[in-house]
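S.K.: Listed below are the residues making up each chain.
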Amino acid sequence: MSLTDFLAQLAGARGEHDVVLATMTPAFLWPTVSTSDLDYCYVAPMGSVGPLGLGLALAQPDRRVIVIDGDGSLLMNLGALVTIGAQAPANLVHVVVDNDGYAITGGQPLPGRGGPQIRDLAAAADYREVHEIADPGALSSTDVERIRTVPGPVLLTAHVETVYDRSTLPDLTHSAKALATQGPAGYHNLRAALTA
Amino acid sequence: MIDLFVDALDRAGVHHLVSVANGESAPLYFRLKDDPRFTVIDACREGEAVAIACGLHLGGRRALLSMENFGLYECLDTLRAMPIDARIPIPVLVGYTARPAEGHVDFWNGRFGNIASQAMLAGHWTEPLLERLDQPYAVVDKAEPEHVIEKQLQAALTADVPSYLLVQSF
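Protein chains in written order, with my numbering: chain U, 1 to 196; chain F, 197 to 366.
Looking at chain F on its own, in the form it has when it is part of the complex (with noise of 0.2 Å):
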């Protein structure tokens, strides 16, 4: 699934990653750091990467943003006043951490049983506040098709608003 995402963000014309440590795109964002044709730029928080996406496409560059879902909650403010508002067409990558799943069991729950119990309870949070928010947004699985996902690629890579891919893993 790795070459599916690098191949789309470059024929996209995506050659920037701003990034917030996350675990579930870290296989996608040490390859996009062995690229050249990309650059990465760490950011420290959620909110301030969101800022630097836009900032990129002030300029004229194109970025993908990524983070946690945990991370989406933290900037929700920045990305209303800024990208939602403006309708700032920025693809945005979201481990999708304590995906509620029949029989699925991450990190989280893997781990820590019922002190995951937050965790999950967070990670239900995340397409329903999207469908809120009226915003666009798939949930790839790698286990789908090549053809799907690449279909769900390119409508977060032709939106002309943010849209999100929610990514349990690479």
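With the rest of the complex left out, here is chain U (with noise of 0.2 Å):
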């Protein structure tokens, strides 16, 4: 299963108010298959789209944030984790997509590649669903309500195929969609859209 297929699973399975962040590589792909002015993608630093929605979760806790992470990426601010479980936001579900490097920066293997299980990380870190999805190509319905619902903290992974070629990518100035939700702009545009 490809990273832009279950992005666009995700993307179809969102309801209309949540927002969704995304870094590292899905934010190139986001704006390829959502089409919400809900967004904000940023590609830097690696580590900080969860607790940058635990901000926003606890902000706005009426609105559910989705925030779409990397394996790689969660490991650079692991603590992140027992952070968002102590706050325990009920209206947070974190995406971690799962492919066993950095693919970003071309490929490099995860540290403890094979040893701990992000999922049991933030188990024991008191988050309140941890689950991993069976087929990212095809979400179930208890996938969608984990992703619409549940009460959170929600920790979501999904493995997908490994694509270490960054040339792949889509070029982030490729529509007025990514331009509006990319960097400083998206999130002051994100910001506007937010508490208007």
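FYI, nobody ran anything at the bench for these hints, they're computed from the structure.
Watch out, some of these pointers could steer you wrong.
Claimed, not checked - Now the stretches of chain U that chain F is said to cover, found in silico as 3 or more residues with beta-carbon under 8 Å: (1) 34 to 47; (2) 52 to 62; (3) 74 to 86; (4) 185 to 196.
Claimed, not checked - Residues of chain F placed beyond 12 Å of chain U at every Cβ, according to the derived structure: (5) L200; (6) R207; (7) G219; (8) K229; (9) R233; (10) H253; (11) T274; (12) P279; (13) I284; (14) L326; (15) A334; (16) A355.
Fair warning: this is a prediction, and the values are worked out from it, not measured in the lab.
Quick reminder that beta carbons are idealized off the backbone N, C-alpha and C, glycines included.
Two chains, two separate frames, one set of hints: put the complex together.
M.R.: Written out as structure tokens, the structure reads:
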């Protein structure tokens, strides 16, 4: 299952008023599958999208916040799992794309590859719901419920095929949609939409 | 000085503290933790704390970030990529450990003697680093008159970019 196909499934599953924050490789691809104005995509620093989503979820507790993280990205700030578990935002969904390596930097393996599983670490950090999506290419109705309504913090992992050739990623300037959701402009556009 | 901070934060609508443990701001931390007007979020690491504060701002809330100057060095990349790049107005309270000041003896150089040299060096980095990065900051000294401290607080709380308050003690 390709990452793009999984992201397309995720875009179809999100609620109309849900916010999506995407980082690293998914940040390049998300604007190609999403038509929502409630998106923010950025590529650095690794490990920050979980805490960013936590802050937003605490600021707007009535709104579902979905963050799309990478396995390597999450490991760069592993303590954030503990912080998120302690704050226990019911409206936060933490999606972790699992491809066994750092795709965006050329495919270096994860430290501890084959060792501790991110979902086990999240469960130990008191995430309320932890689940591995069985088929990222065809989300089940319970997967969709976990994304849309199950009280969080929810952590979902999705194993996608390993592609370590970043030349295949779309140019961040490929569309007006991508430009509007990326970087500082993307941040302020989303803030304006959320605080209007 | 704690009362000045609490009142200024309340007036400015800054009702969240995102904190990474540091000795210098501990008195303010515990005061805010006991005040129902404020929500304190404990973070494990400084970069994480920066991102949480940005997320709160993204959702329309304002937060005070609190960390030690050594922690400031830890999170430079997150500061660069998020609040500095995007001009997000976050006040940052920086515990000024090992402040280079004549005759000053703090916990580190008081307890560890020569071993403290590394800490002292790190203290010497703080202000030059912020200057090099073009980041607005003020050294807040509780011995100064209240009106001076109030002015420093107002400047940090009304800035339209990250602004740093270096505090050695409350």
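S.K.: If you test the structure against every hint from before, which numbers come out violated?
M.R.: 10, 11, 12 and 13
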